[in-house]
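Fit the two chains together into the complex; they arrive one by one in their own frames, and the hints show the way.
For the record, the sequence lines run as chains A and B. So the first sequence is numbered by the numbering used here: it starts at 1 and just counts up by one. So the second sequence is numbered by the numbering used here: it starts at 1 and just counts up by one.
It is worth saying that the hints were derived from the structure and are not from the lab. C-beta: ideal position from N, C-alpha, C; glycine also. All the given hints hold, so there is nothing to weed out.
Computed from the model, here is a short list of chain B residues facing chain A with C-beta under 10 Å: (1) LYS2; (2) THR125; (3) MET127; (4) TYR237.
The residues making up each chain are set out below.
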Amino acid sequence: MDFTSPAGPNPIDRQIAVGRATSRVDGPLKVTGTAPYAYERHDVAPRQAYGYVVGSSIAKGRVTGIDTAAAKAAPGVVGIITTLDYKPAEPPARQAANLFGGDEISHYHQAVALVVAETFEQARAAAQLVDVRYDKSAGRFDLAAEAAAAKPAVDINEGEDAKIYDRLGDFDAAFAAAPVQVDASYTTPHQTHAMIEPHASIAAWQDGKLTVWTSTQMVGWTRTGLAKILGLPEPDVRIVSPFIGGGFGGKLYLRADALLAAYAAKALDRPVKVTLQRPLIINNGTHRSATIQRIRLGAGRDGRLTAIGHVGVSGNLPGGAPEAAVAPTKLLYAAPNRDMYLTLAELDLGEANDMRAPGEAPGLMALEMAMDELAEKLGMDPVELRILNDTQTDPRDPNRTFSERHLVECLRTGAERFGWSRRNPKPGSVRDGKWLVGMGVAAGIRLNLLMPSAARIRLETDGTLTVETDMTDIGTGSYTILAQTAAEMMGVPVEAVTVRLGDSAFPKAAGSGGQWGANNATSGLYAACVKLREAVATTFGMRGNDVDFSGGMVTAGGRSVPLAEAARAGPLVGQDGIAYGDLDKTYVQATFAGQFAEVGVDGFTGEVRMRRMLQVVDAGRVLNPLTARSQVIGAMTMGVGGALMEALAVDPRYGLFINHDLGGYEVPVHADIPHQEVIILDYPDPVSSPMKAKGIGEIGLCGAAAAVANAVYNATGVRVRDYPITLDRHLDHLPTVS
Amino acid sequence: MKPFTYERAKSPAEAVQAVTSTPGARFIAGGTNLLDLMKLQIDAPTHLVDVRGLPFTTIEDTQDGGLRIGALVTNTDLASHPRVKRDYGVLSRAIVAGATGQLRNKATTGGNLLQRNRCPYFYNTDMPCNKRRPGSGCAALEGVSRSLAVIGTSDNCIAQNPGDMAVALRLLDADIEVLGPSGRTHTLPISEFHRLPGDTPERDFALGNGELITGVKLPPPLGGTHHYHKVRDRASYAFAIVSVAAVLQKDGSGRVAFGSVAPKPWRVQEAEALLPQGPSAVTDRAFQDARPTNDNRFKIALAERTLALVIDEGRR
Ligand SMILES: Cc1cc2nc3c(=O)[nH]c(=O)nc-3n(C[C@H](O)[C@H](O)[C@H](O)COP(=O)(O)OP(=O)(O)OC[C@H]3O[C@@H](n4cnc5c(N)ncnc54)[C@H](O)[C@@H]3O)c2cc1C
Ligand code: SF4
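Just chain B, with the same shape it has in the complex (with noise of 0.2 Å):
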């Protein structure tokens, strides 16, 4: 960890100002993900900017019936709330599914969709990584892989986004909303918000250098059944294999969004319109570009599988 200095933010516009102003300035949230990060000098800012004393700390309904969660809701909040737990049930569970309780009491709702991946050379410093060393190369591509993601990759970096929470926002077409150094608040579809990482795996966001993320807009609730089902090697405290988000309806219709297979939440339209066809009709369509590895060509076939549990479940 290089040392740094650090402040705590008055107001939004302070905020984002002393980011866009000072080089290697960071926003802090929980810290739960930017901290290690520090320590192993994967990401190294000169400059931190607290915002856990802004006021983006509400649930709210909004207009049109939906919900609007601030910035920094914690983990633990946002998945307790009764409006949540209520109709947007897919996000209580996938916010529980993640981390550990102690961890959820910290992690913030912005921080949490800002956090990085998990790939295990990406964590080692020794190892060349184009995400952590642009240019490096991707130690991963024929390394040990199993966890990483089977689409949407490129040759530079197959990391999978391994979060809970956004694979129920993207199911949910949640809005970002984002504070930019112009003084405006901007929305972003977050089917916009996560990159692939194509030539330039560095960027995991279409975030841009001190934009703040102040709250996410969930639209009027979708009905249904709301189903997540984290797959892992152990019941407990472990990143997803593969993560399946749902909300089925009575017609057999519904939406369908894979976690921990690609740079993203996984979601594709034409696929989930395929769903009264049953879950292979799905998969097949989600993941027809799939390029997976050896050691992680079995998370197609898992994805489908644990579509057709989320299935059955909803039949229930």
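Bound conformation, chain A alone (with noise of 0.2 Å):
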């Protein structure tokens, strides 16, 4: 189905099963522990050995040898394989690593072998006896220090011909004239991903052809990935994930226990399961990488901006992407003169890629803190100036309009709920006992993607539907919003339908990325309804447009037949897939969120706690106001982390994020978040697609860790623009106590 001009009236502006708050239908498999995570599928092939992973333990330079005769006559072990018995990988479209292969090291805990033994424990102990020699060489680690040297990048998300330099006006020559000027900097650090579930995969070949069983947000992308570095025909590569612990982008790319458990499984001829141990997915995996902002605001004493100036440094692997904080100052406030770029410096730090709103949750944790610092500047409520800046049109083409944005209406609602006006603009004078108390707002913006997804849907001779598309669910709710979808478009209860996911056999959907998912996987299935419900029309002999399905029937001209009966002699099946014409282009379709949070601050200790937090969101359609609000509340949480706690700690010595595991790099626990509520409006947009829905998994983080910092700096008076706000940040500077 091409969808090329904005949807009119259609079976899903029903709502019967759509956007109704319906319970995961995945949960009882979650909650009773049956739902097979990768790493735990022994039953998919006999003879599963277990590999380990010898990370790099330098961060650049040469491997000179290995020796693995200690290992190799180890107990259990099955085999090693190295990275100088193979070719370094190519790395898949939008990575920069090389997951395996060569004798060149680009970053600590690059993988150099692979041991495989009969069990973990084995495998784990013998890859302590692999001794690897290297030639080491100094690396770039410092983000800093090497900021300097950064070069001008382009925003890999724009497409290929973005521009670099996002230019209007004359930025210079305004920001010297406003009245009332910002201009400051902003760092924040390399964050890893923290999902709970490892990535893991288990390999295993039959005739020159692989199946892979792995934890992927993009089924897709992996086979692709995969194929190519092995030199196969994709067909020839099967990639199954149907359930993932968490991904948050991590595993958006293909990694490297994919690769190391197929090359092993091939070496070793049986099967072979790798899982990437907690260190190896901080430095091995991908992370978000740090970023230092410069960010300048102009306005005139009315507060209406008359300049924005954003330039976001970030660094990466060479030829890996930037971190694109600059993207939501684009779109957010209206400005006449604006001069925004990224900059890309080379680090040898490992992958930097997508971890959750990449670009907007580092870019908004500055551009909104700014916000806040200019409000104050000109003694105006922060909610007020950010709604004074509102703009309807793409502030570099005035003609092209926002399909729909509700960003006022969150800011003015959540101010409303939140009870913004009790807070005391002054900073730092609001006590209650020892605690300094402050309140603070953020505005959020993240772009709706588009994302060609296909799907299948089966009509059973029971009656029952049958979903299959290699969609992802990471924990999300796409199980249940595309039962929803196949409900409401077949006029039949959700428990009548089943949904098989994440297997690359099944058509080609979206993923799960970018918020893209569920709108576009949605809007997949929908169009394969349409063709199910054309046969099952023709099968009636009923004419196409005015069939009604509802209640389990099948209605046209006055005759009502079962649908059942459609499949009576023979399951009926429907297939396609939603392809976008550019209607994104001819609008800006994105989301939008008010952020609003108070906390608290030890007034002796410094330490900062959460006291509660509201997020009214516009979306566009909401498919199901429980899965939607999950996502929003996790990703208030994530905010919080990303204000308050969550840094990876560099240390350039060695060229490595030392804080490796759970316990050194923290993010909130339950005791950190008391108390959340969320506000969904509800506006279909008919620009986005048939289902009129939006992305709702990124929204939530946007804005969300800068409406932290600046309820912290609306506590204690002490602005802080380096993030994580640690208590160490601001103590010096808090009032005494002795």
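Encoded structure:
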């Protein structure tokens, strides 16, 4: 189905199944521990052996030799493959690191060998015996030190023809002339996705064909990447990934676990399973790059922005992409004079790549703090400042409007529900016992991305429906919203639908990432359902357009037939996909959030603790209020992590992230998250897709950290521009206590 | 993890004998620290002697009005014991500030006292670390050291003792009961239990090979108000950046010990004598020989402010 003009009324608008709070259809499997996650699929192939990855102990240089004799002789060892046995793997699209092969080491914990044994413990013990010799060379590990050498870089998400510089008007002159200015630098640290399930793969070969049971957000990308490295035609590689224990972008791309499992399974002629140990997830997997951002805002005394300047520096391996910190700034506020661009420094720290709300998350941590600073300089309410500078068109092109944009309502509703009027604008002035109390606000924006997506739906002979697509559910609720979509389109209860996901043998879907999964995958299924409806109508001799599917009955021209009848002679199949025209060029399609936070800062110790949070979201039609809310509260929690605690600590002498486990890299725990409220505005967006939905997986993170940071400032009066705001950043400036 | 053999000790003497006579043998109790170290091969015992069957699981009143805690009493049971809650509140509070409910259910009194440090370089076997590999150097000295010790360190090691329970035990002047290879039990004051690194950072405790902790004795209660404040980056499930244990009396006197600032629970009696003069007098004295890094200098000010908080609590 080609989606080239805005959607008119369609069966989804009935919202009998779609839009209803529906518990996860995969919930029982999960709470009973029977959902098959990749590493635990002991049943899918016989004689599975366990691989343990040996990571490089240096960050840059060459491997001069690997002695595996002692390891090979260790109990249970089946075999060992080393990087010297293979050619360097060409990085797949959008990737930078060589996952295995060759003698060159380009980052710490690059995989140099895989020890395979009968048990995990034997492989782990033997891995300690692999003796790797290196020729070490100097590397670049400190973003601040490399920033001066950073080169202008393009945001790859804007497409190949995107411009590096986003410039409009005369920024320099307008900024210089602005009566009120903010000019400040902000830093965000390297971050790791910290999903609970590690990367894991089981690989098995049969007759020259490969099957990999793995944990990936993108079945298609994994298949393409793996097939290319292995020199196989894509159909000879099957990827199976029905359940994923979190990803946050860390599982968008092919990683070493899958490649090493495939190599070793081939070399040893038996199935091999590999997981990345947590330290390797951090130093061998991908991470979000640190950023250094300079923001300049010029405004009139009335608060109207006249100039916005934003430069974002990040780092990556040679050939990698930048963290697009300026992306949200391009579209959030109006201002006639603009200057925004990215620069990228080469760092030898492992691959930097997408992490939830890439670009927006760190970009808004800076921009929305700068807006808070501007509001203070203007003596203006920060909510009003944002409303005043709202734009209904792309600031670069007044003819390009937003399809739906309700940021102002997000902010107004949020302010009212949060009790924003009780905020004292004078920082450091509200006390509750020992606590310094503050409130903060931030705006969020994140594009709605369109990706082709296909699905198949089958009406079984018993009248039930089976949906098949290689779409993934990374804990988000894909199973459930797809079941709801099929139920709505075919007029049956959700219970009559079985959804099967994550298998490359199924039609290729959008996958999960960039908050594009829900809208695109359900739209792909919508298209398949349209096909099935046609097939059913034809079977019944009914005419296309006015056939109604509801309550398990198919009705047209006064005649009603049970849906199940259509499959009496055998299952009926509808298969199709959604393909998009240029509606995302004609319109800006985006999602919005108003973020509100209240914190307490211990007046003695400087510890920051959340008191409450509220977010109002505008993200198109809500497909399922339960799973949508889960996405938003999870994202708000991640925002708290980003604001207050998450940071990978670089040791530039050794070129690694030294806090490479979940003991050293802190993310919020339950005690950090006292009260969260989510309000989702329901504005179906006919421009986005026939579902009229938009992404909701990432918008919740956009601005969340800045709202917390602004609340901390409101509490203490100490502006900390370097994230995370740990107590040592402001302790010296807090009121004395002795 | 290297392959190892395993036995369950049937008597204290047998346990001591088994560890003394087997090179590379180690006791195991809850296993919550030892097993993690073994997985990373930071510790690689060849033989484990499980002491959980030994009769050190009770908490009893002593004749002098104190308390004797068996070495195998779990952290959960100790923290929730009625007499501990009533008379030694600082101990109860310190324990529940540590780890998580699940870990505290497994962790034992003896094992907790013997938990090793949390220096990030200690946990990465690619890095130099004198504590893990004597003579290899200390990567933390000029590295990431925000969590590490500011006082009591040496140029060989700046790791902190990260525990919570031990800080309270130090405050209470607990005695550690130890059964040695000779078959005799002796007691060690907790002030002498933890070692400073000096030139031998690999030895954390003044405990010989095969010496088994059988219990911990608490002197009679101190009265006063009991405080344990643990400062950390997140609200739970994190080691302390700084912690303060205190028992404060009505007349302004009291005791103070600091956690996570030194290789041992840090209590300076001359400093706590200055309590009536306020927190800065105490911390100025307690930290007068501090040698912080740039990363962790803030801990000294933080210790003072946390003590101020505790004193403020005491007045309420
Ligand atoms: C994720 C995590 C978070 C944690 N957070 C905290 C925290 O916030 N605060 C805190 O204080 N602690 C914390 N801990 C540490 C925890 O308190 C210790 O792991 C626990 O107390 C150790 O007790 P155990 O019985 O399991 O010891 P084991 O692991 O069994 O043993 C530890 C050591 O003691 C020796 N040993 C054990 N019993 C005896 C005995 N009777 N005599 C002689 N030697 C013996 C063993 O040989 C071993 O060397 C945390 C641990 C983890 C894993
Ligand atoms: S501080 Fe101690 S534990 Fe840490 S690296 Fe140095 S010697 Fe090792």
